[in-house]
Structures are given as structure tokens and as C-alpha cells.
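Note that the working numbering gives residue 656 to position 656 of the first sequence, counting from 1, and the numbers run on in steps of one.
These are computed hints drawn from the structure, not numbers from a lab.
Please read these numbers as outputs of a predicted model, since none were measured by experiment.
Backbone N, C-alpha and C define an ideal beta-carbon position, used for all residues, glycine too.
Treat the hints with caution; some may be incorrect.
Distance ranges between label pairs, derived from CB positions [to be verified]: (1) Asn177 x Val220: 17 to 27 angstroms; (2) Arg251 x Phe216: 18 to 28 angstroms; (3) Gly272 x Asp180: 34 to 44 angstroms; (4) Ser86 x Gly124: 14 to 24 angstroms.
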Amino acid sequence: MRRANFRTSNISCVNQLNRTTSCSYSSQSQEDSVRKRPVRKTFLKSSNNDDLITDLCKHNKFKEAIDILCNQRRLKEALQILHQISHPSPSIYSSLIQFCRQNRALEEGKKVHSHLKSSGFKPGVFISNCLLDMYAKCGNISDAQTLFDEMQERDVCSYNTMISGFTKGGSLEQARNLFDEMPQRDNFSWTAMISGYVRYNQPIEALDLYRMMQNFENSVSNKFTLSSVLSAVSAIQCLRLGKEIHGYIMRTGFDSDEVVWSALSDMYGKCGSINEARQIFDKMVDRDVVSWTAMIGRYFQEGRREEGFALFSELIKSGIRPNAFTFAGVLNACADHAAEELGKQVHGYMTRIGYDPYSFAASALVHMYSKCGNVENSKKVFNGMPRPDLVSWTSLIAGYAQNGMPDKALEYFELLLKSGTQPDHIVFVGVLTACTHAGLVDKGLQYFHSIKEKHGLTYTADHYACIVDLLARSGRFHEAEDVISKMPMKPDKFLWASLLGGCRIHGNLDLAKRAAEALFEIEPENPATYVTMANIYASAGKWSEVASIRKLMDDRGVVKKPGLSWIEIQRDAHVFLVGDTSHPRSKEIHEFLGKLSKRMKEEGYVPDTNFVLHDVEEEQKEQNLSYHSEKLAVAFGIIATPPGTTIKVYKNLRTCVDCHTAIKFISKIAKRKIVVRDSSRFHSFEDGNCSCRDYW
DNA sequence: GTAGGGTTAG
1 MRRANFRTSN
11 ISCVNQLNRT
21 TSCSYSSQSQ
31 EDSVRKRPVR
41 KTFLKSSNND
51 DLITDLCKHN
61 KFKEAIDILC
71 NQRRLKEALQ
81 ILHQISHPSP
91 SIYSSLIQFC
101 RQNRALEEGK
111 KVHSHLKSSG
121 FKPGVFISNC
131 LLDMYAKCGN
141 ISDAQTLFDE
151 MQERDVCSYN
161 TMISGFTKGG
171 SLEQARNLFD
181 EMPQRDNFSW
191 TAMISGYVRY
201 NQPIEALDLY
211 RMMQNFENSV
221 SNKFTLSSVL
231 SAVSAIQCLR
241 LGKEIHGYIM
251 RTGFDSDEVV
261 WSALSDMYGK
271 CGSINEARQI
281 FDKMVDRDVV
291 SWTAMIGRYF
301 QEGRREEGFA
311 LFSELIKSGI
321 RPNAFTFAGV
331 LNACADHAAE
341 ELGKQVHGYM
351 TRIGYDPYSF
361 AASALVHMYS
371 KCGNVENSKK
381 VFNGMPRPDL
391 VSWTSLIAGY
401 AQNGMPDKAL
411 EYFELLLKSG
421 TQPDHIVFVG
431 VLTACTHAGL
441 VDKGLQYFHS
451 IKEKHGLTYT
461 ADHYACIVDL
471 LARSGRFHEA
481 EDVISKMPMK
491 PDKFLWASLL
501 GGCRIHGNLD
511 LAKRAAEALF
521 EIEPENPATY
531 VTMANIYASA
541 GKWSEVASIR
551 KLMDDRGVVK
561 KPGLSWIEIQ
571 RDAHVFLVGD
581 TSHPRSKEIH
591 EFLGKLSKRM
601 KEEGYVPDTN
611 FVLHDVEEEQ
621 KEQNLSYHSE
631 KLAVAFGIIA
641 TPPGTTIKVY
651 KNLRTCVDCH
661 TAIKFISKIA
671 KRKIVVRDSS
681 RFHSFEDGNC
691 SCRDYW
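Generate the whole structure from the sequences, applying the supplied hints.
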């Protein structure tokens with residue numbers, strides 16, 4: 001019956017609609033019965049409106065018909081109706097143009113424009129402004145510019161539209177030129193220009209303009225202005241100014257909304273006042289997933305892990321669904337803090353709600369597992385990704401490199417090349433690190449040369465630091481020096497620190513002095529240089545030099561960073577400092593360490609006291625060593641977990657030689673696999689051996 | 001009389 005209705009329609013464009021619909025209906029083959037039902041459903045649904053549209057057109061109510069079609073996003077059909085009308089009204093044009101703008105339908109918008117020109121319609125300033133905005137929003141600023149130049153009459157809105165357009169795929173300079181030359185400005189003009197500067201990362205200019213605006217009559221900042229201005233304040237981290245604006249908002253608070261609160265919270269967060277950021281966040285009524293994710297991320301940035309994770313749990317409870325950004329943020333924090341158990345829970349949650357294996361949250365999982373030393377899981381997640389991105393490849397390769405499986409790292413790098421993915425400069429850092437950890441000097445050099453010769457990439461300072469690390473660790477100092485003398489950029493602190501590390505291993509005092517001098521110049525505040533240098537002198541028995549280094553540290557007010565280790569047991573992090581006795585089970589831990597010490601000596605352990613900063617009696621040195629934070633954490637791990645459980649300990653600094661030797665013995669005596677992630681790599685101890693093959 | 005301006009997340 002409805003089809004019959006179509007056939008009687010005398011509006012040709014609607015007949016065309018009819019043909020399209022009935023064609024798709026009748027073209028279905030017999031065997032296609034499964035698909036038949038849904039198509040029929042659509043047919044019935046749309047036919048209702050089609051009747052109405054036919055009817056409206058019959059009664060010359062074209063505007064209404066076009067509005068219905070536009071609302072159903074049937075722009076092509078709306079255009080067909082336009083072509084049937086001899087003299088379309090301005091409101092028909094404005095409707096169509098605005099729908100094209102909303103739907104970013106540039107092609108259709110252009111058709112309306114050309115129809116308008118060919119029909120001889122002379123658009124007023126309103127329709128022209130609509131066209132300007134349509135072009136600007138569709139990213140076609142050049143057509144907007146052409147039209148703007150042709151316009152006989154322009155009003156403040158025409159200028160504002162162009163300014164806004166220029167500040168978005170256009171140029172800030174052109175926007176500012178228009179802003180300066182326009183005859184009069186209103187709030188829209190000021191806000192468009194200010195937000196443009198913010199968007200182009202020019203916060204100072206944005207704030208200068210805001211100050212100008214305040215001195216300007218008839219322009220009062222509102223919620224639109226303030227949210228942009230707050231963003232500028234965040235960028236320059238000026239808390240004083242931010243507080244001033246906060247005060248202004250409080251005084252005129254009627255005009256603010258969630259967007260302003262969000263910007264205000266962000267301002268406090270970026271200016272380091274995280275508690276105030278949280279207070280504002282708590283007062284917000286319509287907190288969306290973005291504001292939640294931002295607030296959680298602020299905690300992690302500040303190193304306030306517990307609060308970050310707590311807020312994440314609140315988010316889950318709130319019923320708002322976290323998205324890929326949220327997961328990636330939390331997982332990266334888990335990676336940084338080696339919170340594997342928590343990371344696993346997040347992974348479980350993601351699996352339950354069905355995460356998208358194509359999204360960057362999946363690569364964050366790969367990263368998290370790699371950083372937690374669980375390369376097996378890292379690989380599992382990686383294998384589940386239909387199209388692993390370069391971040392995932394890099395995480396997995398770096399994970400293998402750092403976890404004592406450099407061969408696997410290189411194997412995956414070769415797979416990456418075979419997959420046709422173009423490697424970038426970052427993945428090569430992982431590759432070179434793998435070679436360093438495996439002691440594969442010549443292979444590393446080959447990869448190094450391939451970066452430029454085979455892959456056409458530009459060397460970065462990181463690549464040079466890696467290659468110097470590779471050479472210095474294996475004692476090839478002449479080659480290392482040769483690389484340094486020929487590199488195109490100034491060696492950075494990472495390179496010098498690598499060189500110094502190599503000198504420490506091989507006792508190269510002269511070169512160590514040179515590296516340390518360079519480091520003292522670049523970062524005199526870093527205690528690591530002083531400590532390493534003192535240790536090198538101590539190994540050489542040069543105690544007066546050790547003392548002078550210590551004096552230098554004192555004179556410059558450099559404080560040694562305390563060694564800190566932690567272990568996660570049932571999602572709680574237990575943190576240990578050097579010689580720590582604050583843990584509730586401290587007495588047990590020390591007793592256990594005492595027993596272990598005895599067994600270790602029976603097995604042949606000799607404390608290595610070389611790497612101690614202080615020049616003290618041997619027995620005292622031994623005492624110091626037994627209190628190192630990683631030993632405390634390992635001991636606690638053993639007494640706090642069932643036999644056979646793998647112990648995972650994390651240390652903020654590099655593990656010392658003595659602890660390394662001691663933990664090898666402990667792994668054998670306690671029959672435990674012990675994984676220690678220090679500031680540069682993983683050590684996986686098992687049955688008296690370490691995955692790093694004592695090369696780190 | 002219409003239209004033109006905004007923040008926060010890996």
C-alpha cells in the first residue's frame with residue numbers, strides 16, 4: 001500500500017526516493033531472506049516520513065520537508081528538493097547551509113552555494129555569514145576568504161566567523177590582522193582571538209589580549225572568555241593570576257559552568273596546587289569521564305599514587321565508564337610504580353567491559369606488563385592486538401631487552417621490520433639497549449649504522465648515548481671517544497653518565513674524570529655523579545679523593561638521594577629505605593637477614609665492600625651493606641609470601657654490586673625466583689644466577 | 001531576528 005502511495009506521488013524528487021528504496025527492496029534474491037527482514041523494517045520506518053515529505057511538498061511547504069530530511073541526515077535528498085523549487089526562500093538556504101555546517105558536509109554545502117549563485121539569489125549578510133561559517137567549520141578557509149572578500153556588506157559576525165576560522169587548519173597572524181582592522185569588536189571577537197592564542201600555545205599573547213579586553217569598554221569576560229584565559233594561566237603556571245581569576249568567578253559566579261570549573265581545576269593542578277584542584281573537582285556536578293581522567297592523572301603526575309588509584313576506584317563505583325585515556329593513564333602509573341597486581345586488576349576490568357584491542361589502551365597494557373617485568377603477559381596482550389602500533393612493538397622490544405632476553409628483543413625487531421611497519425628513532429633505543437645488555441657490541445654497531453643508512457632516520461642524542469654505553473661497558477673506550485668526537489650534537493648528560501658507568505666497571509679513572517667534569521657542568525645538583533666518582537676512587541683505594549668528592553658535595557649542598565626499594569604484596573606497596581627499621585615486621589626481617597647472611601657465607605659469599613661511599617672499617621661496611629633497601633625488601637618478600645612465590649622488588653637507584661651478588665645467593669638458598677627492577681633494567685635471579693649475566 | 005566564542009585525559 002505504501003509503495004502504491006509512492007507511485008502516485010507527482011513530486012519527481014520523491015519519486016526518485018521511491019525508486020531508490022523500492023529498488024533495494026526488490027533486488028533481493030530468494031536466498032537472501034535473512035537480510036530481507038531488516039531492510040523491510042527500514043523501509044517501513046522511513047516510508048512514514050516519506051509520506052509526510054510528499055505531502056508537505058504537495059502543499060509547497062518545502063522548508064518543513066527540507067528540515068525533516070536534514071534532521072534525518074538525508075542531505076542529498078534535501079538537495080534534490082531544493083532543485084525542484086523555483087525561488088527558494090532565504091530561510092531554506094540558511095537551513096540547508098547550517099545543516100551542512102553541523103554535519104561538516106562540505107560537498108553539499110558547496111552545492112547549495114553554487115545553486116544560490118546560479119539562481120540569481122542575492123544573499124544578505126546573514127546568509128553570507130552562514131556560508132562563511134560553513135566553509136570555516138568544514139576546514140575550507142580559502143573558500144571562506146574568497147567569499148569574505150566578495151561580500152559587499154560585512155558585520156561584526158562576519159569578522160568573528162573569519163577570525164574563528166583562521167584560528168583553527170588557517171593562520172593566527174591572519175586572524176589577528178582581521179581582529180585589528182575590524183571596525184568594532186564584541187565579546188565573541190575577543191574570546192575567539194584569545195582562544196586562538198591558547199590553541200597555538202601562545203599563552204602570554206592570550207593573556208596580553210585579555211588585559212587589553214579588560215581595559216576596553218563594553219566587553220565583559222564571560223564563561224567562554226574565562227575558560228580560555230584559565231587555560232592560558234595553566235600554561236604559564238601563574239598561580240597568582242589563576243587565583244585572581246578564581247576570585248572573579250566567585251564574585252560573578254552566576255555565569256560559570258562545568259567547563260569553567262574544569263578549566264579552573266586544571267589550572268590549580270598545573271600550578272601544583274593539587275588539593276585545590278581536587279576541591280573544585282569535588283564541587284563539580286556534571287563530572288564527565290574527561291574531568292575524572294584529568295584529575296586522576298594529576299595525582300599520578302605529582303607522584304601521589306595512592307590517591308590516584310583511589311580516585312580511579314571511585315570512578316568505577318560512580319558508574320561512569322572509563323575510556324582508553326583513563327586506562328592508559330592508570331596503566332602507565334602502574335608501569336611507573338611497578339604496581340603489577342593493580343595493573344592486572346585493571347586489565348581484568350578492561351576485559352570484562354570489552355576493551356578495544358585496536359586502541360592505545362592495549363599498548364598501555366603491553367607497556368605496563370613489560371615495565372613490571374612480566375614479559376609473558378606483555379607478549380600475550382601484544383599477540384591479541386590485531387594491528388599492534390609502534391608503541392606496542394617498542395614496549396615489547398624494550399621489555400625483552402631489559403628483562404634479560406635481548407635475543408627475543410632482536411627477534412621481535414626483525415619481525416617488526418618484516419611486518420612492513422616503519423621503525424622510528426625510539427624503537428632503535430630499545431634495540432641498542434638490547435645489544436648493550438647482551439654485550440653484542442658489533443651487532444649493536446651494525447644496527448646503529450642502519451638507523452641512517454638503511455632506514456633514513458636522523459640520529460638523536462639518545463642513539464649516541466646508547467652506542468657510547470655499548471662501547472664503554474665492554475671497555476672499548478677509544479671507539480667511544482671517537483664516536484663522541486664525531487657526533488654532530490653536544491653530548492648530553494645521558495651520554496656522559498653512560499660513559500662514567502663504563503669507566504666504573506673497568507676502572508678507567510682518567511676518562512671517568514672527564515665524564516664527571518662534563519656532568520658537574522651540566523647537572524651539578526645530581527648526586528649520582530658524585531657517588532659514582534667517589535666509588536671509582538674508593539675501588540682504586542684513593543681515599544683522599546673520596547673525601548674531596550664528599551667535601552665537594554657538602555660545599556655545593558648536594559644531598560645523596562636515598563636508596564628506596566619497594567615490594568607489592570596483595571596490592572599494598574611496602575617501602576624500604578637504607579637501614580630501615582620502621583616496617584611493622586622489621587624485627588623479623590632483620591633476624592631473617594641475619595640467618596641468611598650466615599648461610600650465604602657458608603655458601604661462599606664474600607661481601608664486596610668496594611662500592612661504599614664511606615671510608616670506614618671493614619666490619620662497619622659489611623653492616624651498612626646488609627641494610628641496603630633492596631635486601632630488606634627481598635627479605636620481607638620471602639617471609640611474607642608462600643614458598644615458591646616469585647619475589648618482585650623495585651629500586652629507585654641502580655642496584656649495587658654487593659646486593660647483586662647477595663641476591664644471587666639468596667635466590668639459591670631460599671629457592672625463589674627474585675626479580676629486581678632497578679633504575680635502568682631488570683635483574684631476574686634464579687638458582688644463584690642473574691639474567692643480566694653480571695653485565696649491567 | 002537569525003549567526004559568531006570555551007576547558008580538561010595517553
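Tested hints:
no., hint, result
1, Asn177 x Val220: 17 to 27 angstroms, "25 angstroms, holds"
2, Arg251 x Phe216: 18 to 28 angstroms, "20 angstroms, holds"
3, Gly272 x Asp180: 34 to 44 angstroms, "36 angstroms, holds"
4, Ser86 x Gly124: 14 to 24 angstroms, "20 angstroms, holds"
The structure shown violates none of the earlier numbered hints.
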